[in-house]
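With chain A held as given, fit chains B, C, D and E with the ligands onto it using these hints.
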Amino acid sequence: AQAQTLRIGLESDPDALDPDRSRTFVGRIVFTALCDKLIDVGADLSLIPQLATEWSFSEDGKALDMTLREGVVFHDGTPFDAAAVKANIERSKTLDDSVRKTELSSVESVEVLDATHVRLNLSAPDAPLLAQLADRAGIMLSPSSFDSDVAANPVCSGPFKFVSRVAQDKIELEKFGDYWNADAIKIDRVTYLPIPDSTVRLANLQSGDLDLINRLAATDAQTVENAGNLVFAKAEGLGYQGITFNIMNGAKADNPFGKDARLRDALSLSIDRAAINQVVFAGLNAPASQFVSTASPYFDPAFPVPARDIEKAKALIAEAGVSTPLELELQFPNRPESQQVVQMIQAMAAEAGINISLSAKEFATMLTDQKSGDFQASQVGWSGRIDPDGNITGFVSTGGGFNDGGYSNAEIDRILAEARAESDVEKRKALYHEANVILNEEQPLFYLYNEAWLYGVSDKVAGFTAYSDGMIRLENIELKQ
Amino acid sequence: MNRPMIEAADLSKRFDVGGGFLKPSRLLHAVDGVSLSVNKGETFAIVGESGCGKSTLARLLMRLLTPSSGRITIEGHDISDIAGADLRQLRRDVQFIFQDPFSSLNPRLTVAKLVAEPLEAHRPEMTASQRRAEVARLLSQVGLRPEHMDRFPHEFSGGQRQRIGIARALASGPRVLIGDEPVSALDVSVQAQVINLLSDLRDSLGLTLIVIAHDLAVIRQMSDRVAVMYLGRIVETGPTDAIFERPRHPYTRALLAAIPGPDGGGGAGLAGETPSPIDPPTGCHFRTRCEFARDECARTRPPAEPTGEMSEVACLRWRDIGEATDVMPVAPKRSAAAEARFRLYRDAMGQTENNSQQGNNR
Amino acid sequence: MLSYLARRLLISIPTLILISVFVFTLQKMLPGDPVLALAGEDRDPETLDRLRELYNLNKPVWMQYLLWAKGVVQGDLGVSIRTGLPVSDMILSKLPVTIQLAVMSMIFAIVIGIPAGILSAVRKGTATDYAANVVALSGLSIPNFWLGIMLILLVSVKWQLLPASGYVPLTEDPVQSLRTMLMPAFVLGTGLAASLMRHTRSAMLGVMRQDYVRTARAKGLAERRVILRHAFRNALTPVVTLIALLFGELIAGAVLTEQIFTIPGFGKMVVDAVFSRDYAVVQAVVLVTAIGFILMNLVADAANVLLNPRLRLS
Amino acid sequence: MAEIAAPVLPRAKSRVWRKLRSHRSAMFGAVLVALFAFLALTASILPIADPSATDWGAVRQAPSAAHWLGTDELGRDQFSRMIWGARASLLAGVVSVAIALLVGVPLGMLAGYFGGWIDAVISRCTEALLSIPFLILAIALASFLGPSLTNAMIAIGIAATPVFIRLTRGQTLNVVAEDYVESANAIGLSTPVILRRYIFPNILPPVLVQSTLTVASAIIAEASLSFLGLGQQPPAPSWGAMLNTAKGFMVQAPWMALWPGIAIFLVVLGFNLLGDGLRDALDPRED
Amino acid sequence: MVTALTDDNDNLLSLRDVSLNVRGHAAPLLDGVSFSVSRGETLCVVGESGCGKSLTSLSIMGLLAPALSAGLRGSMEFDGQDIDLRDLASLKRLRGSRIGMIFQEPMSSLNPAYRIGDQIAEAWRQHNPGDGMDQALEMLRLVGIPAAERRLRDYPHQLSGGMRQRVMIAMALVNNPALLIADEPTTALDVTIQAQILRLIARLQTERHMGTILITHDLGVVAEVATRVAVMYAGRIVETGPVEAIFTDPQHPYTIGLMSSIPPLRGPRERLATVPGIVPSIETMPEGCRFSTRCPFARSECRQTPPLQELAMRHFAACHFAPLEHKLKGAA
Ligand SMILES: Nc1ncnc2c1ncn2[C@@H]1O[C@H](COP(=O)(O)OP(=O)(O)OP(=O)(O)O)[C@@H](O)[C@H]1O
Ligand SMILES: Nc1ncnc2c1ncn2[C@@H]1O[C@H](COP(=O)(O)OP(=O)(O)OP(=O)(O)O)[C@@H](O)[C@H]1O
Ligand SMILES: [Mg+2]
Ligand SMILES: [Mg+2]
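Residue numbers (the working numbering), protein chains in the order written: chain A, 1 to 481; chain B, 482 to 843; chain C, 844 to 1157; chain D, 1158 to 1444; chain E, 1445 to 1776.
FYI, nobody ran anything at the bench for these hints, they're computed from the structure. Fair warning: there could be bad hints in the mix.
Unchecked claim - Taking CB as the label site, the calculated pair distances span:
1) C:Leu1141 / D:Leu1259: 30 to 36 angstroms
2) C:Leu1071 / B:Gly831: 58 to 64 angstroms
3) E:Glu1754 / B:Asp681: 38 to 44 angstroms
4) B:Arg780 / D:Val1278: 44 to 50 angstroms
5) C:Pro903 / A:Ala152: 53 to 59 angstroms
6) D:Val1278 / E:Arg1594: 42 to 48 angstroms
7) C:Leu1150 / B:Glu777: 46 to 52 angstroms
8) E:Pro1730 / C:Arg1067: 41 to 47 angstroms
9) A:His433 / C:Val864: 56 to 62 angstroms
10) D:Val1173 / C:Val1142: 37 to 43 angstroms
11) B:Arg780 / C:Leu1141: 45 to 51 angstroms
12) C:Val864 / B:Ala779: 45 to 51 angstroms
13) E:Pro1730 / C:Leu1150: 46 to 52 angstroms
14) A:Gly399 / D:Val1278: 50 to 56 angstroms
Model, not experiment: these values are computed from the prediction. Even for Gly, the Cβ is constructed at its ideal location relative to N, Cα and C.
So that you can see chain A by itself, here it is in the shape it has in the complex (with noise of 0.2 angstroms):
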């Protein structure tokens, strides 16, 4: 039979496909076909085996003990096993420019205990590290292809292996026969193409030059239920979008917005969720309140989504005193999408006596500008982790990576920093809820709604599912000519 190629069309370039230096999303997309981490996240964001079998904390949390998959290779051959995991993991936390090193800090050290079992020494207890083996800190190269140039020839043993990439035109990847779970892919070829404009992605699969595309824009749905040949797919995404307020980051800081909850609370009141979503994004994404989103098993339903009061948001500011219109400096990233959500929430706060002036900026721009203070307020998202953590403590914890606003509390600090060591499920979700109590109050970024992942795929791709993390498993996928 002919060679079976599938065709995705994904929405940027990939940067390098080391997963020790890869940043990008879209290149996440790409190593869930080339390569397998030490764990898989399930259909309802759960931790499932791939590369390891079994794993388990000690008692004090301080040791990570997994046990391998046995006869696995790596795509040029070499053997899968402890020595493997623990060259993988060092060479994650001392290559020069690796972007893991924060990911891997709790890891100080990996014994291997014999060739099928490993064990991750921590320094502290570390929840959050499952998740991270689940994604690109998991990933495991061929520890022959270390000294070759990663990035241009990806060695891994994932389902498929690397063929060639021409950068912002296509990567190819192959099946790879020796895959311990073969019996799986039904396909024989994927083929990755970078199409940014959303309109051309659709063009593409529409006229059968792909057969699957990623971030379907949400207004585009519609189109594509309607075609007899497509078939849409939804699933909920982990990610957010909100608006950050600078709090105590530089002089910028020093606005009525920065200095008084109750402000921020108006706005956040002021905003029709709803209507956002449905304008914006004919009603397919979720309009959000919290930190995780609804498929996340830590979503808090204390939390609901705020309704649009004007009349309280009016309230709000007549308590805290100043004078009528207050002005606000909202920048966003100069996408379409954003631009329609900011000019709507410039629409809808005018109505509660708030003038936003926008500032439209390249997204390189204003990470610099947000993290050198200068903002007021900005409309920023997160695209979302499996552990909570990962969407909470760098934002709002004193001194995080991602809190821009400055904002500082202790005791945030100390439950989100309880919660981090905290294994079990249902005391970290009371944690988190103490947490959100505080931020709920405090305000230091509010929500406005959580991501769906949209897909347009062909009827002629069987098989295919939507997963909450975004990614595209190609298991199970058949092409029917």
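Coordinates of chains B, C, D and E with the ligands only, in the frame set by chain A:
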């Protein structure tokens, strides 16, 4: 009367041509060791073929170009390398008339502006209305109607424009007027008008005139003395009649013989063409086309030698050649009836000219 | 002739240095820390510092320039901060794409523009001339990117005749390669064809006023011969120069066209690089484009020298 | 009877004007430009909808009686946004060319008139800028200055400057060689006067023609930058920005992309026609 | 000088009643221009700039701009053949083969892109078999270009103005035409070169027994080469006759005015009599006698167009008052 107004001594101008980045430069000798002296109140003509350096010489004399070597004096003052206020004073005393009446007037300025400009530059004390009156006076002086002050140059015919150019040159009250082929671009009829105008102006204003031309008839009509140029050098100077009736230099003879006319010009005419001024012949520049050339002509640059009659000739062999007489064509003799017609015409013209002169002065 | 060209090349060296200094300073003035853009969601101070160190971003600007210039002289254009690939490799892989696009557009433009220009000059004032002018002006006035969008909408989405995007190397599948490039080349070529037509027309009109064209007619030559051999031959000089100049416009046009049709070429690379502050790439692309531009001018000069005996013999 | 000085030629200034007036396509271009200019100038007093009034209930509606040109992604009236967008486009075209003129013409005149090292420096820099493709330069400059209409105008202005430097320099060289400049020298006029009265007015016609044509390309450039998100910022409308948004709704609401495209086309066509007409009218050879 | 007696049997070209109207103007640019040229004869057409000399010659060649040729009327008899001047195809057949033409500007009249040998040969090839290079070489020798073999391969810019004009002559004559039209062939040249070229044309013309129309505004040239003269003014021929008659016995006030304007080469230098004003343009063309606006003798009769009247053997003038000395006595 015979005091020199302008004198040039061993004047040279070399242009750097063909040079450029990483390219050897070559020198073009446009004017090559020219000496001359023009007396007050006389009309001095320079004649020669295209490219022989007439215009360059004229521009040197009024310091639009700076000489490469040699000296120029005006009434004894050295002006070879003056600048600033002295140069401005020179611009007042010496004025220029251009060949091309189409390109020498700024098309974006009105006639009034054009003529007023030198007044603004040299007589700043004048008020605007004084200036306007002066412009009107100048325009009628050159035979233009002052009503047309506010028009633009291209609304005038070639002859009229040349008059505007002359009015503009007269505005600063110069004592010397240099005309670079002032009538060459004009039709004969208009040419005659401008020739008459220039000689009238010279007489009424006591100007010293230096006129460049290549039309020998025009030169004879206008000038008191003539200099003949060939390839950057003056080969012969002298009073006009002497040059026309008794030319000594072989080149002058050839020029006169080449004037077209009923007898087909005298003799065989001049063969060949003017060599390039970048690599001129050694010794006498004319020797390559000269029927009298000898070996010595290739070796020595002929000095200018006086021949009597206030003439000078730069030829090694002028004594051997002797003077030629009557090389010019003879006009056919008109019938008596025709002479009568010409007289009639002249009389009638004199009248109309007077009429229009009066009309202008009204 | 050769020495003339060599001289021209030498003259362009300072120009190139100026360009590189200019682009370099401009980039350094761009707001936005490339390292932050690069680190994306994985940023912590240590990583950032390490990256800065790695890409020399912590050194004074003039040092950075000198380091870069030293590399360039040695043939090393640096490493893309975004993809981690050597910039020279990236450029080499993109160049054929844009060149194919440029050549196809240029062929289109020449095939349409020059004959139309000649025709409308010869038929000056007639309906043909008028029509050609209207079409040409329209071609110049339509925004490229809009034309591209509309074509995608009609040709790809609605009629599904041609692919909306992508690139297939000519060597891999010539037919598909031409198919994918057809629309972009058309979009890019319309403006060029229009420019070329107008310039050919005005050059022809200028030449046809010349005395030697009248001489050719006076010899009794056939009109066709007068126009092609005597007039067009001399109008060719400005047209050739224009074609070289249009090369610059082509690259600029390619920026948007490649963006719209998602063609992995030079133009797309440079826009992406500007937005992601990929200094080395922007720098190199501008330099390479400028060299290309200068070379094209040189080619035009050489062509003119060949076409023009006056230059050839001096 | 025999007037020596009876001028018989028609008045010439009016000749250019007459030629332009009888140039049908130029007049058509002028009308187009005037129409859009009128709309742009009077946008605030025309009886049209508020261009930024949103209506969540009526997003992306096809043209109808209520909304002649339909509504956009936030339910704003496209017709009124088109008219307000004319403001941005024309402003961008005119202001950026003004910037280019203000910088380019004096520099070009200096280079052409004085020659020597001044010319060498200016010409080298111009050449360097010219060999960077216009749009790439504009994109780099615009992203350096930050996305906004003003900055886009500055970027386009700077990017267009070298063209004017080169044109002005070349024209100045031509004009300097004219006899009338030498005659100004002969009269004894000072350099500033010569530059102002002799050089400047005479280099103006081609500069004027080029300006008109550059306005046309500047409008396209502004649209391109806005299209890339580097120009006019929301909620203020501009045609390029409208196209940028419309691009996302090509399938559902193609008219959103249609109007701005047509408007850009018409204005640019208008300027091009006008420029061509001016060129013909000012060309002494075309009689 | 060439005073070859020509009889009408030898007639080569008769131009009959050529008029050229421009749309939107009542006055024609050319108005009833007629003349004839015999074999071996040189007809000089003189007149000021803008009198229509070039238009006349271009009409004969069929080379008027298309916009102008629409308003052309008139015919000619060439070599026994009757041709309407609007019949461009017939004119084109004659062009270059039976009628040769040279122009004023030797600098721009040759195509800078081709070798001169090629350009001459091309004229041959157009009308004859063979590549024409031999003929080109022969012609170059004939027009007196030294080292002709080498010059054959030169480009125009490598030649001086005089040489180029020789090349133009070679090109015009390579097909041995019966008629040569030279439109101010020496105006752009220096006097010494002008003399060479005039001599060359005269020599070739006698050798080949060509009819020649020489257009000029230099009366000296006319006196030198003409057998007959036609004086043109504002699109009309105002006086025509044998060269001796024109110079010894000019009749038309315009001819007289022109001659008076030329400074004399001999005799006393006195103030020049001029022709005031300028040639009227198509917009300002007077009714009747077109010279009346500049004529010192103009009277009311001049509102009527004066016919060309024969005042002496083959000497015609178009003036109501010719001969002036009789008709104007008393009136003045
Ligand atoms: N600025 C210049 N640079 C280089 N060469 C020049 C320059 N001006 C004049 N020449 C050259 O100098 C020589 C003399 O020129 P000039 O204009 O003085 O001659 P001319 O006698 O006035 O000629 P014409 O009768 O053609 O006006 C010519 O060969 C000319 O090409
Ligand atoms: N296309 C045209 N439309 C209107 N008038 C024209 C046109 N072409 C020429 N003329 C006019 O016809 C008249 C005669 O022109 P022509 O060229 O025949 O003059 P000429 O006697 O050859 O003059 P010159 O001595 O300057 O060559 C001129 O007044 C000219 O302006
Ligand atoms: Mg001169
Ligand atoms: Mg003529």
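Do the hints match the structure? See the list:
no.: 1; hint: C:Leu1141 / D:Leu1259: 30 to 36 angstroms; verdict: holds, 33 angstroms
no.: 2; hint: C:Leu1071 / B:Gly831: 58 to 64 angstroms; verdict: holds, 60 angstroms
no.: 3; hint: E:Glu1754 / B:Asp681: 38 to 44 angstroms; verdict: holds, 41 angstroms
no.: 4; hint: B:Arg780 / D:Val1278: 44 to 50 angstroms; verdict: holds, 49 angstroms
no.: 5; hint: C:Pro903 / A:Ala152: 53 to 59 angstroms; verdict: violated, 32 angstroms
no.: 6; hint: D:Val1278 / E:Arg1594: 42 to 48 angstroms; verdict: holds, 46 angstroms
no.: 7; hint: C:Leu1150 / B:Glu777: 46 to 52 angstroms; verdict: holds, 48 angstroms
no.: 8; hint: E:Pro1730 / C:Arg1067: 41 to 47 angstroms; verdict: holds, 44 angstroms
no.: 9; hint: A:His433 / C:Val864: 56 to 62 angstroms; verdict: holds, 59 angstroms
no.: 10; hint: D:Val1173 / C:Val1142: 37 to 43 angstroms; verdict: holds, 39 angstroms
no.: 11; hint: B:Arg780 / C:Leu1141: 45 to 51 angstroms; verdict: holds, 48 angstroms
no.: 12; hint: C:Val864 / B:Ala779: 45 to 51 angstroms; verdict: violated, 57 angstroms
no.: 13; hint: E:Pro1730 / C:Leu1150: 46 to 52 angstroms; verdict: holds, 51 angstroms
no.: 14; hint: A:Gly399 / D:Val1278: 50 to 56 angstroms; verdict: holds, 51 angstroms
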